[in-house]
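Numbering (the working numbering), first residue to last: 611 to 1232.
Treat the hints with care, as some may be off.
[To be verified] Simulated restraints, written as ranges between beta carbons of each label pair:
1) Leu-688 x Ser-1044: 34 to 40 Å
2) Gly-819 x Arg-933: 55 to 61 Å
3) Gln-715 x Glu-1068: 19 to 25 Å
4) Gln-1174 x Gly-819: 40 to 46 Å
5) Lys-892 x Leu-1089: 29 to 35 Å
6) Lys-892 x Gln-1174: 22 to 28 Å
7) Glu-1068 x Lys-892: 30 to 36 Å
Since the hints were made in silico from the structure, they are not lab data. Here a beta-carbon is modelled for each residue, glycine too, at the ideal position from N, C-alpha and C.
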Amino acid sequence: MIIDAEPQSIATLADAVQKQSVDYLKKIAALISDEKNKPVRKADLIAFVQQRLSVEPGRLRQTADDPLYTLWRKLNPLQQAAVAETAHGPEPWFDAERFEAKYGQSPDWGETDQYGYNPRPSLLGAFFFDGIMPDDLRRRFKSFAPKPEPVRLSPLSELPAEWALTYTELDPKTRKKNVYRKPMPITQRLTERAAIHDLKAMLRLIDAGKLAVSDKTGQPGVVALRTVDALLLGGDFYDDSGYPEDQKIGPIKAFAWPMLAQGGKLAVLSGKTLQLTKAGQKALTDPVEKTLAEVWRRWLKTTIFDELRRVDCIKGQTGKGKRGLTALAGRRAALHQALRGCPPGQWIGVNDLFRQMWANGAGFEITRDPYNLYVSQPGYDLGSEDYRHWRLLQARYALCVLFEYAATLGLIDVAYIPPHDARPDYDDLWMARSLPFFSRYDGLLYLRINPLGAYCLELTGHYQPSTPEMASTPRVRVLPNLDIAAIGPRLEPADAMLLDSYAEKVSDAVWKLDQNRLLDALENGHELTGLAELLVSLSGQPLPETVERFLTDMSRRARSLQTQGTAKLIECADAMLATLIANDSRTKPFCLLAGERHLAVPVEGEARFRSALRKLGYGLPR
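Using the sequences and the accompanying hints, generate a full structural model.
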């Protein structure tokens, strides 16, 4: 029988059988012996069961005449697995949920009446009492029952082209549920190249001061989402244009990038606009894979955002419910380790990954009180802590982290279908039945650690792209007269945006390097190396000598003058007095001659200048 209440250990088989009814002991006796004349009195039944299930002290290895070993061999493979899992497991009770996750089904425990009473146990039930295996029996089984293998992933080299979407409909005439299968084409997205492009685009967008987010939450609004979406290579994972308003999926990558920039410490909020940090400025020229790896490492520990908030239908995450939520770092660490256990270059079913995590005890908790979380309105809580609850809560959180953050950063390639009805495990939640999907991430089916992911997850010490960068058709021609002419394939929006920042657009396809714009950029602390590298990359040619000289000259001009701080301008009565004060040994360290009759005094040295001026016999009105 399976345990209902909080499990407790039982020291010995003798302790367990003493507490059983005569009727139950008779059933156990019938299971463990073929003898016709079995005892009927409780004391005799207890002795009978103990004799058939016990061996002499110290006899821990199976032999042909070992009654316990003989009984164990009568169990079917699934029942033997249930014994082995409990005997070798950390606790003395049978973990039904974890067992089902690992083996796909439950073992045969026997039967009960329609009300759950009058148990008629199978032979397996003879070894458990209220779901608990006595400690001495565990030691006995552990001596000969093989230690169970951990759940292993089942990688795939290739994916199917379609996914059979299963759904049920109630026949109004027969009042029976009919099961239907609808084939759905699977979309594969290789994320490596897109992540490298999108990171550069985000850095340039933020560097240009064109990404505004909420000053309270740091999250992008509608305008920001559109701006980011327009820069993404290949667009977001889903195109919502074909869905009615109540079935739209919403942004994934477009939402993730502003959050990753902040959580990865590449950008900070200045008012309502993101601006690059020193790390963000450095990332403009650093190897992209190094930056992506660092962003992932920092995201694992950031507290700026809980990904569970992106599962919109789960309410109760604020107020009392928020106090019960677990630490973000622990959840992400579990998923990080799960990814590290995936073989690089092979597709892994997401459900297979979740099953492994649950069955091997490598999962994580979302909340210390799941009854605080509910769907749509209070009273329809998620409750319980079984595998079904795990699939609704932990799995949805995991899907968000994997799809929205790991895939956006290019760590994993993904294969998916639209989320609508992709995971119908919430159909029996009353207030969730009308939802088109439980989360926008429900359509994620498979993932694959790519070379960038292997590097970021520290599975390898160096990064080797999946496919070497091929020489592309030149997209611009940089002319000696400082013109930049677009040719060939259309420029990426992020590249066009960078050119707009440093050059004046004189026609639809021509920019001219502009002195004022370059000086603006330099005055704001930007370097021109990023522009030079982009022009070389887009043209496929070294820069003309005139252009290179122009950029070098602009950089030199910007460094020729330095701000030394704020100064107070003091006017003297005449040029002779100004010269005297500027050259006297007592006042000279604290002022500079500025014209014939004026002195410049740094604000931070004004007090010392006044003190020296008095020694010279002069005063300065305040």
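A quick look at each hint next to the structure:
Roughly 38 Å separates the CB atoms of Leu-688 and Ser-1044, a value that falls within the hinted 34 to 40 Å. For Gly-819 and Arg-933, the Cβ-Cβ distance of about 38 Å falls outside the hinted range of 55 to 61 Å, so the restraint is violated. Checked against the given bound of 19 to 25 Å, the beta carbons of Gln-715 and Glu-1068, roughly 37 Å apart, lie outside it. Checking the proposed 40 to 46 Å range against Gln-1174 and Gly-819 shows it is violated: the Cβ atoms sit about 26 Å from each other.
At about 32 Å, the beta-carbon gap between Lys-892 and Leu-1089 stays in the expected band of 29 to 35 Å. At about 26 Å, the CB distance of Lys-892 to Gln-1174 agrees with the hint of 22 to 28 Å. Range check, Glu-1068 to Lys-892: Cβ separation about 21 Å, and the 30 to 36 Å hint is violated.
In terms of the numbered hints stated before, the structure departs from hints 2, 3, 4, 7, listed from lowest to highest.
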